[in-house]
Amino acid sequence: MHAFTTQNPNRMAPTVILEPAGGCLCDQPVHIAVRGLAPEQPVTLRSVLRDEKGALFRAHARYRADSHGELDLARTPALGGSFSGLEPMGLLWAMEPDRPFWRLIKRDVQTPFVVELEVLDGHEPDGGQRLARAVHERHFMAPGVRRVPVREGRVRATLFLPPGTGPFPGIIDLFGIGSGLLEYRASLLAGKGFAVMALAYNNYEDLPKDMDIIHLEYFEEAVTYLLSHPQVRTTTTGRASSMPERPPNACRRTGRRSPRSSATQRQATILSLLTSHCVRLP
Numbered sequence: 001m002h003a004f005t006t007q008n009p010n011r012m013a014p015t016v017i018l019e020p021a022g023g024c025l026c027d028q029p030v031h032i033a034v035r036g037l038a039p040e041q042p043v044t045l046r047s048v049l050r051d052e053k054g055a056l057f058r059a060h061a062r063y064r065a066d067s068h069g070e071l072d073l074a075r076t077p078a079l080g081g082s083f084s085g086l087e088p089m090g091l092l093w094a095m096e097p098d099r100p101f102w103r104l105i106k107r108d109v110q111t112p113f114v115v116e117l118e119v120l121d122g123h124e125p126d127g128g129q130r131l132a133r134a135v136h137e138r139h140f141m142a143p144g145v146r147r148v149p150v151r152e153g154r155v156r157a158t159l160f161l162p163p164g165t166g167p168f169p170g171i172i173d174l175f176g177i178g179s180g181l182l183e184y185r186a187s188l189l190a191g192k193g194f195a196v197m198a199l200a201y202n203n204y205e206d207l208p209k210d211m212d213i214i215h216l217e218y219f220e221e222a223v224t225y226l227l228s229h230p231q232v233r234t235t236t237t238g239r240a241s242s243m244p245e246r247p248p249n250a251c252r253r254t255g256r257r258s259p260r261s262s263a264t265q266r267q268a269t270i271l272s273l274l275t276s277h278c279v280r281l282p
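By full-length UniProt numbering, the letter at position 51 of the sequence shown is numbered 51, and the numbering carries on one by one without gaps.
Simulated from the structure, these hints should not be mistaken for lab results. If you're wondering where the values come from, they're calculated on a predicted model, not measured in any experiment. Don't take every hint at face value.
[Said to hold, decoys possible] When the alpha-carbon atoms are kept at most 27 Å apart in a straight line, the in silico DSS-like pairs for lysine-lysine are as follows:
1. Lys209 x Lys53
2. Lys106 x Lys53
3. Lys209 x Lys106
4. Lys192 x Lys106
Required output: the full structure, derived from the provided sequences and hints.
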């Protein structure tokens, strides 16, 4: 073990290399590598994230540097830990909470998740001497994406618009019952060129806490608002959902002629959106 930790004046200090450097969007991969290790040196890589409520999420994996003292997670399999095998993004997807059954959820999409990456000497369970450290930010809004709170009539939502003037294809994003208003999926989709409205329908502000009765008119009002927006195409709208019993193809498009279509046509459209194994109707 001492052969790996002895300082070599001709060798650079261990360094964590991240590409892209600093940070990227949460749905984009990050390339992780370590340079400046001793040849064949055993190390443990550890990731730590603290969510907005203070809960810690952690992952670790054991590796061995190559003959040049380099470690590339895209080419080197993990020898064990939170995961094993070739997993370039394992230090991110394998993080587990320190609280039982705690879920990692982004509440404020205007700030990133900050992940601390550490390189520890050896394969000791409790971790050896820290050799290098880097910080990686996981962002939820692409540059130029605009966040617009919506309080129109009964509608409680947040609209995310891509850069530019549009018009853009529109999506209404719904989460499961009791979720309130979650924006992280809508904000990321807006970076792909969609106008996305994250829609709350219960357990948020003045909306009902329970869902004993589903008022389809509320969803009709939300669709009408989205289609009447000058930066949203009026020919199509869609729905992204993580409600119970959603189908595999959870993103659908439903044809719409204009926000001035008859009430019967609008209600039929909303009904088809909500009954595709997404919301249980009484």
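Going through the hints against the structure:
The hinted pair formed by Lys209 and Lys53 meets the criterion: a straight-line CA distance of about 22 Å does not exceed 27 Å. A C-alpha spacing of about 10 Å is found between Lys106 and Lys53, which places the hinted pair at or below 27 Å, so the restraint holds. Restraint check: the Cα-Cα separation between Lys209 and Lys106 comes to about 21 Å, which is no more than 27 Å; the hinted pair holds. For the proposed pair Lys192 and Lys106, the alpha carbon gap of about 19 Å is at most 27 Å, so the pair holds.
In summary, the structure agrees with every hint in the numbered list given earlier.
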